[in-house]
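Each chain, letter by letter, is given below.
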Amino acid sequence: MLLIECPYCGVRPELEFVYGGQAHVARPHDPAACSDEQWAEFLYWRENAKGVHAERWRHTHGCGRFFNALRDTTRDQFLATYRVGERPPAASSREREPQP
Amino acid sequence: MSGDLRAASGGRIDRNRVLRFRFDDREYTGAAGDTLASALLANGVHLLGRSFKYHRPRGVLSAGADEPSALVTVRRDAARMTPNLRATQVELYEGLEAFSQNRWPSLELDVGAVSGLLSPFIPAGFYYKTFMWPRGAWHRLYEPKIRAAAGLGRAPEQADPDIYANRFAHCDVLVVGAGPAGLAAAAAAAGSGARVILCDEQSEPGGSLLAEPAAHSEAAIAGEPAARWLTRTLRQLTAHPRLTLLTRTTAFGYFPHNLLGLNQRLSDHLPRPDPGQPRERQWQVRAREVVLATGALERPLVFPGNDRPGILLAGAARTYLNRFGVLPGSRVVLVTACDAAYQAALDLHRAGVSVSAIVDVRSGAPDGPLLEAARLAGLPVETQATVLGTSGRLRVRAIRIQKLDSAGAPAGPVRRIRCDLVLMSGGLTPSVHLFSQSRGKLAWDESLAAFLPGQAVERVRSVGACRGVFSLAAAVSDGTGAGLSAARDAGFSVSAAIPEAPLPESAAAGRPGALPQPPGVSGEKAFVDWQNDVTARDLTLAAREGFRSIEHVKRYTTTGMATDQGKTSNINALAIVARELGEAMPRVGLTTFRMPYTPVSFGSFAGFARGELFDPVRATPMHDWAARQGAVFENVGLWKRARYFPLPGEDMHAAVARECLAVREHCGIFDASTLGKIEVAGKDAATFMNRMYVNAWANLAVGRCRYGILLRDDGFIYDDGVVARMAPDRFHVTTTTGGAAGVLALMEDYRQTEWPDLDVWLTSTTEQWAVIALQGPAARRVLEPLIEGLDLSAGAMPHMSAARGRICGIPMLLMRVSFTGELGFEINVPADFGLPVWQAVFETGQAHGITPYGTEAMHVLRADKGYIIVGQDTDGTVTPDDAGLAWSIGKGKPDFLGKRALERPALASPYRKQLVGLLTRDPQQVLEEGAQIVPGRHRSAPEPALGHVTSSYHSARLGRSIALALVGAGRSRIGETLYVSMPDGDIPVQVTSPVFYDPQGSRLNG
Amino acid sequence: MLVAIFDARHDLPPTYRLCHRDQTMQRFSGLSLLRRGLSGHRDWQPQWRKAEPKPAYDAVIVGGGGHGLGAAYYLAREHGLRSVAVLEKGWIGGGNTGRNTTIIRSNYLRDESAALYDHALKMWEGLSQELNYNVMFSPRGVMMLAHTVHDVQVFKRHVHANRANGVDNEWLTPEEARGVCPVLTTDGIRYPVLGAAFQGRGGTARHDAVAWGYARAADALGVDIIENCEVTGIRRDARGAVQALETSRGVIQARRIGVCAAGHSSVILRMAGVRLPLESYPLQALVSEPVKPIFPCVVMSNTIHAYISQSDKGELVIGAGTDAYTSYTQRGGLHISSHALEAICELFPMFRRMRMLRNWGGIVDVSPDRSPIIARTPVPGLYVNCGWGTGGFKATPGSAHLFAWTIAHDRPHPINAPFTIERFREGRLIDEAAAAAVAH
Amino acid sequence: MVDLSSARQQQVLAPTPLLKQLPPAARLVLRGRSQVLAAAADALGLPRSETPCRAVRSDVRAALWLGPDERLLLGSADAAAEMHGLLQRALAGMAHSLVDIGHGQVGFEVSGARAALALNTGCPLDLDPASFPPDMCTRTVFAKAQILLWRTGATTFRLETARSFAPYVTQILALAGRES
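Protein chains in written order, with our numbering: chain A, 7 to 106; chain B, 30 to 1035; chain C, 7 to 446; chain D, 18 to 197.
In case anyone wonders, no lab produced these hints; they're calculated from the structure.
Check before you lean on any hint, since a few could be wrong.
Calculated cross-link-like contacts (lysine-lysine; reagent style DSSO-like; alpha-carbon spacing at most 27 Å) [what the hints assert, rightly or not]:
#1 K319(C) x K298(C)
#2 K920(B) x K894(B)
#3 K432(B) x K554(B)
#4 K37(D) x K470(B)
#5 K928(B) x K712(B)
#6 K554(B) x K298(C)
#7 K554(B) x K319(C)
#8 K128(C) x K174(B)
#9 K894(B) x K669(B)
#10 K319(C) x K174(B)
#11 K298(C) x K174(B)
#12 K174(B) x K554(B)
#13 K56(A) x K470(B)
#14 K128(C) x K319(C)
#15 K37(D) x K669(B)
#16 K712(B) x K920(B)
#17 K922(B) x K712(B)
#18 K37(D) x K161(D)
Make the full structure from the sequences, and use the hints.
Here's what the structure looks like:
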């Protein structure tokens, strides 16, 4: 059970969160203009990064907000969490370990 | 028999509290403070069990969690049987009843021991090489025999009545292990003001200090005798209000982000536990800083015949003597590869046990204060020697030793020494289990011949023996330093100077691997893994057969895979394989340490989640009324829903038929409260709904309802439900019962992440409203007298309209909707008023034949009309057009969830499976749901089915069976005859429209 | 035991040619055990050579699990490829092959899936003899419990669909289910058991033996099994076709590369510029301490997430679910194991006093429709076998066999033809997830 | 007609020193942007606050921060209509969502020296006053239920849960309360 820092509520246990998959997979603005390949890409293709992964979480059993996180999938350590609409912090940002 | 092998005094037992207990149906006595193992040893019982594979007689090897051999079943009553407990950890209580395992007919005379005779032919992995003929015989012939021979104790056969508790906890510093280092760490951290949890697996804190003699101990901490230091430190610790000391509590797992799982055993040591209190409690502790003070385990020596009862680890013998006051033998031979074990011989000597020999197996000329003390005490020390074997059937009787020459090879005469106790020590292995579980790197230390904690990943420190700091004073200093620095790192100001961390010590390095044997002699088995009966020869065989990674060796030979998880065997196995391969030990690898440290009961993981508390039972406000009416309930998600309301003597079929007819002819009342309800509000609510649902919402008038369909962006139906527009900026959205949470989450996702600019908000009102569906031609007549301020006439309140009003004086949201095809209303009242309003409606309805109906009748009634149930008539691969619902899609909408996906080639194909009706020729024949539909009756080979039956019922109103089905290009087949394939023959069916009843909808609009 | 060891068919010589090629393999049998037992087991050969990488191979398989080793075996055995290597970054069988709960069944819903898994199941039935290695295939029956009316509908649909496809799967009443598994509790629990789908041909096998058996048999056909060899890059020629692999042990030329890297498939394929619709999740399993036989079959409950059987050694083998998030750490959360044990204790309340002995994690590569990909990739010469999610072990022989066929012919076998990457673009999903959310 | 007088007093459990059910309450969920939340606070006579996970209260009302755009407004049951009216007037013309969930949730008071310990049977949060001080409020989980937890005093918590989850939550709390 991970510890996750909600950008609104602070550090909380994973039990309060729902994982939301890869972050920054924007729904195309004009779906009708998409090819089948582009739509399939949006629906199904994911980075599945081994290493730093930008991903979405929702603090479902908390403030209810979706937010984004950078997590190292080889160690399950969070590097940063940030609000929807914000740009991911630079990859060089110092690693932070959540505190209970 | 009484405990005659008890020293006259000493130890931490209470000789005045005599406890009676039974082992294998014989009665014995022990003392308060004993373990089962110590009490049996005090009674001279060394034979405690039989080994897994060869059924060798086995005794006690250790005195703690590392015990591989002395496994017993403890029985409190028929439902409270616990197999495979280590006798070394079972605390004695009055009336304890224990049994040995894996033997028949008795422990002394075990027929299974015949497998020992076959041992030349059943080496490691033998089962991979045989039992293959004839084909299929493995499962029928060989496997049952192997399975019967395998396994240790018997699983309990009755439901466990005990309670298990759970607790989440947080602390600044968690200290695992209450030995000297852990106690010092906890005291230092608590003294700095930190919130500390200190846990230890034993019944009392003290760790290795408990094995020190209370009287004349050489052990001292800063000049203070160890026993006094322990008492004083404990007093100091228990005075700290922010320190929690947990005994009988094993830290079994180290999880990401400094979460540790602790298993606290609350009642297994009690003679008569309160059945209302938990047996165990699982703690999930989140710690800012962790200090591991988990100590070290003594390694056995690998020599022929090293497994007989009466052969113990040297440290264990000290524990039995000094902690439990037990004399484990009368003539002892100590075989050692390290200095520390000499203390065992000295202690036994002082207790009056005759020390026949100390056999030091190290090469070179060992020296040190303990060796000196042994010489001074006149104990016979044989250096540079090896052990060739032992004898004695159920108890060791003698040991054979031989000197080593300068090259380290056995040479010279063989000496046989009579004894009834052999102690051995191959050195100490630091317990790095939890550190390794935390994903910290382990570093091989050649001088210690051990893996030590290296680079940490979590916020964790190791102190004392678990990082190779064995000597008492150094371990205490190490603990103090770690406790202080942990408190500091957790944010507390630390005034005391943090002592420098001591370096690991190589004094206890010992000698991993097998003792040297004369060449060419194929003597007795030299065991590495006691419980799984893995010998040194098995390991060399595995290496010879090409298993070179230690993980392969482990899996091929099963070494280290017994219930002790290789605590005593892993390092010896690694050394033997490394030697065989000519590789350095760390090159061969180290097997991964896996959770749990010692076995943990399933019940403690399950906690209170059992029966009614396994999952929340969600009940509607009208649930108890339905129960009183004799309703049969079904589980739908977490909800309990009334499935049907049988009258006395009715089965489901009869009840459902009666309920259906009542709705069609009079009036039925149905509890629809479980449907999900979401308030979508804000000035952009209509825009939001337009983007989410396939339907057109902009043109829906206030006070009107529409059947909404929600797709996911893959184009398949996700949910459906009636949506009422309550205001220009407000929609009351209903969802399926099972889909409520998912729909809300999906909506929030798009609202927050795709369209954050929209002024729209969502609030679940599922539980705010009790929903009473009143359906049938008499519905309006039943309702009218109860309503204030609303005109229910068809003109004022047509089908698919909604209005606020009052019922029984209660504010209400009334929707005229129907899932039955009849005139119908859904009365939404605040939940607390659900039951009284329901009762009022029911009472008023008596004059109109009102009948409660359940979900089963609801399903039949909607199937009459061809209305789909999402999840039954759809399966996540059905589009609106497949379901015949293309009409619901808002024309000219630029976009909605799933719109683009519907244009993909496979989703636009005319050959897709489409929802149709099926009618059997025999009107009384009800098709089976899930049955496959095929085009022709006579088929030579299996061919792909055209589709399957999704819903099938006997329709009471139609007086015949009806079915819905998904059939390839189904709508183009209407009128055709197809076949439903059944094991006993195909059933011809006619493809029809899915609407069987009132296709014009005149009843609905009445 | 005596009877058991000295089984029939001693008549073959101790070594024999597995096929008409290359090397001889020490034959395993009761007699060979007996013979070598008398001489102290001194002359057993390594079960597979510790091969050093050669500069070039006709085909290279990346990934030394059951699927990869098996593919190499069938390439050599059935397609006559003379020069084949398997590259494994660690030790063979150390990934999901050695970490799963070994459930084998073929009662999948979709026609395509049923054909694929039943192809595998039929191969399991003769695999020990094929490989001369006892993989302990034990068709003790797999029972899938229905707890809700919806479950009943779904599983009955499976039963009917399977029968149409010639796959055995029968419906059991709760009483019949207890007859198969006497320790099962069907009533008085939060979600009573309303029935079960039962595949009698399903069962379990010994996972390590599958890897070792394929390795030994492939080795005997000349396949180089190269352990501790990590692939770090894929080289392509001017027209984009694969040319060579860069590895921790040097560059290895190969015109045909098959990737069987499970949770790491995305990582390997990305080296050739191919992206996959996969996500890798942690999956945990655990065993109890061993006890005498008490559990005769395999029981699965998808509704309350319990998967259990008893190993030949006596351990209760229990599958847990995946964690919610993608990860390559091979470990999951405590709450995931707890959830699995809650379900086990609910169905089998006598096991509450049983104790967890060992818990471990693997990395499973999950596709959007929970069906695998066994296909060519857009890169000529590069083939992939992935997306098995939580259920790949059961398919091992079939998957390996079809993958070898696909590599050898540069086109899919009819059975795996639907299992392409392109199906996700076209919307031709083989959706086992939507149908029943059946894992394992 | 029906007697509704007792409808709102239904108890799911008998009070114990640890746990008692609170009387029915007015509960409104207000969602909107900052200015809406501020205007609502003004209208209800509550201090404006955007501090996450904190409740503000007056003698008769309270506003609990549920999320950046979401407040739970509590009052006595008989003041529901009045609160609703005040807010509707104050928020007229401003985009917002105001939804009555007064019957959808049930409130409990968990109190006493063992309150935090009992809650930690199912709630994974650190309930030490340093981490969870008085006036802190948050949605969280209690075993398999979602709850809203508000520390109203040093050893007193208000726990709210959806009405159908109340028996589950209270049964587990009762079990925890019996632990010695």
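Hint check results:
1. K319(C) x K298(C): holds (9 Å)
2. K920(B) x K894(B): holds (25 Å)
3. K432(B) x K554(B): holds (20 Å)
4. K37(D) x K470(B): Violated, at about 50 Å.
5. K928(B) x K712(B): holds (24 Å)
6. K554(B) x K298(C): Holds. K554(B) to K298(C) sits at ~26 Å (cutoff 27 Å).
7. K554(B) x K319(C): Satisfied, since the Cα-Cα distance of roughly 22 Å is no more than 27 Å.
8. K128(C) x K174(B): holds (25 Å)
9. K894(B) x K669(B): holds (26 Å)
10. K319(C) x K174(B): Roughly 11 Å separates the two Cα atoms, so the pair holds.
11. K298(C) x K174(B): holds (11 Å)
12. K174(B) x K554(B): Holds, because 25 Å separates the two Cα atoms, which is no more than 27 Å.
13. K56(A) x K470(B): Given pair K56(A), K470(B) holds - Cα atoms ~20 Å apart, limit 27 Å.
14. K128(C) x K319(C): holds (25 Å)
15. K37(D) x K669(B): With Cα atoms ~26 Å apart, K37(D) and K669(B) stay inside 27 Å; holds.
16. K712(B) x K920(B): holds (23 Å)
17. K922(B) x K712(B): holds (19 Å)
18. K37(D) x K161(D): At roughly 21 Å apart (the allowed maximum being 27 Å), K161(D) and K37(D) satisfy the hint.
Hint compliance for this structure: hint 4 is the single one not met.
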